[in-house]
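Q: Chains as they are written, first to last, in the numbering used here: chain A, 17 to 351; chain B, 17 to 351.
Simulated from the structure, these hints should not be mistaken for lab results.
Hints may contain errors.
Claimed, not checked - Partial chain B-side listing against chain A, Cβ under 7 Å, derived:
#1 125
#2 126
#3 138
#4 277
#5 278
#6 281
#7 283
#8 287
#9 290
#10 291
#11 292
#12 333
#13 336
#14 339
Stated by the list, open to error - Below, a list of computed lysine-lysine pairs in the DSSO-like style, where the Cα atoms sit at most 27 Å apart:
#15 24(A) x 82(A)
#16 24(B) x 161(B)
#17 306(A) x 286(B)
#18 161(A) x 319(A)
#19 39(B) x 163(A)
#20 286(A) x 286(B)
#21 161(B) x 161(A)
#22 306(B) x 286(B)
#23 306(A) x 319(A)
#24 286(B) x 161(A)
#25 39(B) x 161(A)
#26 163(A) x 24(A)
#27 286(A) x 317(B)
#28 286(B) x 82(A)
#29 24(B) x 163(B)
#30 286(A) x 82(B)
#31 317(A) x 306(A)
#32 306(B) x 163(B)
#33 286(A) x 39(B)
#34 161(A) x 24(A)
Said to hold, decoys possible - Per label pair, the in silico range of CB-to-CB distance:
#35 296(B) x 233(A): 20 to 26 Å
#36 39(A) x 218(B): 57 to 63 Å
#37 187(A) x 330(B): 57 to 63 Å
#38 163(A) x 38(B): 45 to 51 Å
On a predicted model such as this, the values are computed, not experimentally measured, just so you know.
All C-beta atoms in this analysis are idealised placements derived from N, C-alpha and C, irrespective of residue type, glycine included.
Number of protein chains: 2
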Amino acid sequence: MPLAICLKSRPEGEASVDNFEVKQLPDAAPGDGDVLIATRYISVDPYLRGRMNDGESYVAPFALGKPIESGAVGEVISSSHPAFTAGDIVSGHLPWQDRVVAQSNSERLRSLQQIDTDGVSMTAYLGILGMPGQTAWVGLSGIGKPKEGETVFVSAASGAVGSTVGQIARQLGCRVVGAAGSDDKVAYVVEELGFDGAFNYRTETDLDAALTRLCPDGIDINYENVGGPVSDAVFRQLNTHARMIVCGLISRYETGQMASGPPLMPVLVKSIRIQGFIVSNYPELCDEWKRVGASWLRQGKLKYRESIVDGLENAPAALMDVLAGRNFGKHLVRV
Amino acid sequence: MPLAICLKSRPEGEASVDNFEVKQLPDAAPGDGDVLIATRYISVDPYLRGRMNDGESYVAPFALGKPIESGAVGEVISSSHPAFTAGDIVSGHLPWQDRVVAQSNSERLRSLQQIDTDGVSMTAYLGILGMPGQTAWVGLSGIGKPKEGETVFVSAASGAVGSTVGQIARQLGCRVVGAAGSDDKVAYVVEELGFDGAFNYRTETDLDAALTRLCPDGIDINYENVGGPVSDAVFRQLNTHARMIVCGLISRYETGQMASGPPLMPVLVKSIRIQGFIVSNYPELCDEWKRVGASWLRQGKLKYRESIVDGLENAPAALMDVLAGRNFGKHLVRV
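Excised from the complex, chain A in its bound form (with noise of 0.2 Å):
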């Protein structure tokens, strides 16, 4: 009988543990047409926090009682679908259980593809090739585009997203400066990725000098993941004709959801252009970075790291940790 992590109350403030439940689901055998899967792998973005919530938002929320669903890999286990044979390795939107059945002509299936392990870990396909390495590449260069010689600022730059705008702004040419949330997480982004800086967001005290620092030629495009004050100090370094790219805004998902946003008066005299965007209306965007990416991967110009929690029953404990910070790169949660 599968394990399944469903959703058993919606949060009111923060989120935690306690709103989810594990829960046996009855055996499904698969019918004709159908896929029969085991999770490998399942990947705990920032965004499942908004799923999390009823009412409007560019997903449907999760109902209660039922599981959380995420991207995610796993083995075809049985298949009677002429596209998928027993052993196949799939990346795809799946619920958070062990085994999982793919139903012909659902969306479920319809987001199935195999992926190809050749010089490439599975685990890459739910990170830097997977929805946050896409959405890095759509923000970036379908939103911000980027011109070589200016300066991108990224927060949450150690995370899934950040590391790879960061060095995705460096293969374009520009120069990166990133917030992180521990000094490792700064080392790590200078040091291993090829930041032209960054600095610890936790424990910088004049958020202005250290961009006034870190930028002296100020800051072309700005791709916020978070929110808050340093996207507010941040924003007062924009030079003209900046590009804030809203890609998230992790620090205020769970209070502050209408706090108001960035002055317009800078917005009219600097012509400034903030846009928000998700990731899959850009499909073709998203085809073009599995093909840059993974040849960028190949010939060792991308790095990546993951933190790996084991045990699909930790699962909710992993999305409070990224939530809060702890994590330390993709996290995933290896079934």
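Based on these hints, arrange chain B on the given structure of chain A.
A: Just chain B, lined up with the frame of chain A:
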């Protein structure tokens, strides 16, 4: 001796006519390659308020003791420049003086263009075909990129920019709703200009209800000229993929310059784009509008209204009128 309106002092808080002084300038004899112009009309625009302040902006501040400058039309009195002849009607960027020398090789001379007054009033080149009309076209067409059937909202709807924005949007097949500062202005934009709806922002007590009533399908483009409570209410009605074009923030020119802006969470969730722009950065689109606008004007597809104040010495009071919304249509001073 030419008469000039000069900046006497920079405003502390609200601007007033006391910040200006009338000066008699020494006669400047035109030299070789110079053009002598008799100013006929000067344009009085909200953005001039920003130039009265010191400090960084997209155009240099006016110098203390020197004449204010703005768009103007005039007649060439004498010229030793090959491109101009006595009797030419020209538009350009001129000081607030009754007579002006445009020196050979100066910025001022480069700003001069002969205008075609066949079937079009010379004052149109300060309004619907001039900077305000170009601003409407660049912002709506170039930045907003409206699609047929979308809903466009515009504040300061009866103003020189807003009235053109609304009429362009109608020509492009959009639904157009606006806010204006008097019942007369509301009636004008609906009955004369063909807006689909409008309300008086000074007397409307429930902005959200008014917008829901007038924009039943939400708002796809907010062409922002004003800022403040109407802007905040419009932001709440924005649809997914909406664009907020920040053209002006007249409600914040005097005070509240750093008032915070709309919340970022809806920007993220609805993939909203907020973008400021400066019309002078889009010369090709400006030229496009001169052609498109003149053609529409001659075909009777565009209407405009002017409020004309007589006498150069009344220009400061005319600017105060514009900033307080006491004008109705494009505000001009006849010299």
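Q: For every hint, state whether the structure bears it out.
A: Comparing the hints with the structure gives:
1. 125: With a minimum Cβ separation of about 27 Å from chain A (threshold 7 Å), the hint on residue 125(B) is violated.
2. 126: Hint on residue 126(B): violated, closest Cβ of chain A at ~22 Å, above 7 Å.
3. 138: With a minimum Cβ separation of about 30 Å from chain A (threshold 7 Å), the hint on residue 138(B) is violated.
4. 277: holds, 4 Å
5. 278: Holds - the Cβ of residue 278(B) comes within 7 Å of chain A, reaching about 5 Å at its closest.
6. 281: Since the shortest Cβ distance to chain A is 5 Å, the answer is holds.
7. 283: holds, 4 Å
8. 287: holds, 5 Å
9. 290: holds, 4 Å
10. 291: Residue 291(B) check passes; min Cβ-Cβ to chain A is 4 Å, inside 7 Å.
11. 292: Where the cut-off is 7 Å and the nearest Cβ of chain A is about 4 Å from residue 292(B), the hint holds.
12. 333: violated, 26 Å
13. 336: Not OK, violated: residue 336(B) not within 7 Å of chain A, min 21 Å.
14. 339: Violated - the Cβ of residue 339(B) stays beyond 7 Å from chain A, reaching only about 16 Å at its closest.
15. 24(A) x 82(A): holds, 8 Å
16. 24(B) x 161(B): Given that 27 Å is the threshold and the Cα spacing comes to 42 Å, the pair is violated.
17. 306(A) x 286(B): Given pair residue 306(A), residue 286(B) holds - Cα atoms ~25 Å apart, limit 27 Å.
18. 161(A) x 319(A): holds, 22 Å
19. 39(B) x 163(A): Status violated; Cα separation ~48 Å.
20. 286(A) x 286(B): holds, 24 Å
21. 161(B) x 161(A): It holds: about 18 Å lies between the C-alpha atoms, which stays within 27 Å.
22. 306(B) x 286(B): With Cα atoms ~35 Å apart, residue 306(B) and residue 286(B) exceed 27 Å; violated.
23. 306(A) x 319(A): holds, 15 Å
24. 286(B) x 161(A): At roughly 20 Å apart (the allowed maximum being 27 Å), residue 161(A) and residue 286(B) satisfy the hint.
25. 39(B) x 161(A): Cα-Cα ~49 Å, so violated.
26. 163(A) x 24(A): At roughly 47 Å apart (the allowed maximum being 27 Å), residue 24(A) and residue 163(A) break the hint.
27. 286(A) x 317(B): Not OK: residue 286(A) and residue 317(B) at ~34 Å, beyond 27 Å, violated.
28. 286(B) x 82(A): Holds. Residue 286(B) to residue 82(A) sits at ~26 Å (cutoff 27 Å).
29. 24(B) x 163(B): Violated. Residue 24(B) to residue 163(B) sits at ~47 Å, over the 27 Å cutoff.
30. 286(A) x 82(B): holds, 26 Å
31. 317(A) x 306(A): With Cα atoms ~14 Å apart, residue 317(A) and residue 306(A) stay inside 27 Å; holds.
32. 306(B) x 163(B): Holds, at about 22 Å.
33. 286(A) x 39(B): violated, 34 Å
34. 161(A) x 24(A): Distance ~42 Å between residue 161(A) and residue 24(A) Cα, so the pair is violated.
35. 296(B) x 233(A): 20 to 26 Å: Once the Cβ atoms are compared, 23 Å apart, the range 20 to 26 Å for residue 233(A) and residue 296(B) holds.
36. 39(A) x 218(B): 57 to 63 Å: holds, 58 Å
37. 187(A) x 330(B): 57 to 63 Å: Roughly 60 Å apart at Cβ, these two residues keep to the hinted range, so it holds.
38. 163(A) x 38(B): 45 to 51 Å: Holds, since residue 163(A) and residue 38(B) (Cβ atoms, about 48 Å apart) stay within the stated range.
Hint compliance for this structure: hints 1, 2, 3, 12, 13, 14, 16, 19, 22, 25, 26, 27, 29, 33 and 34 are not met, and every other hint is.
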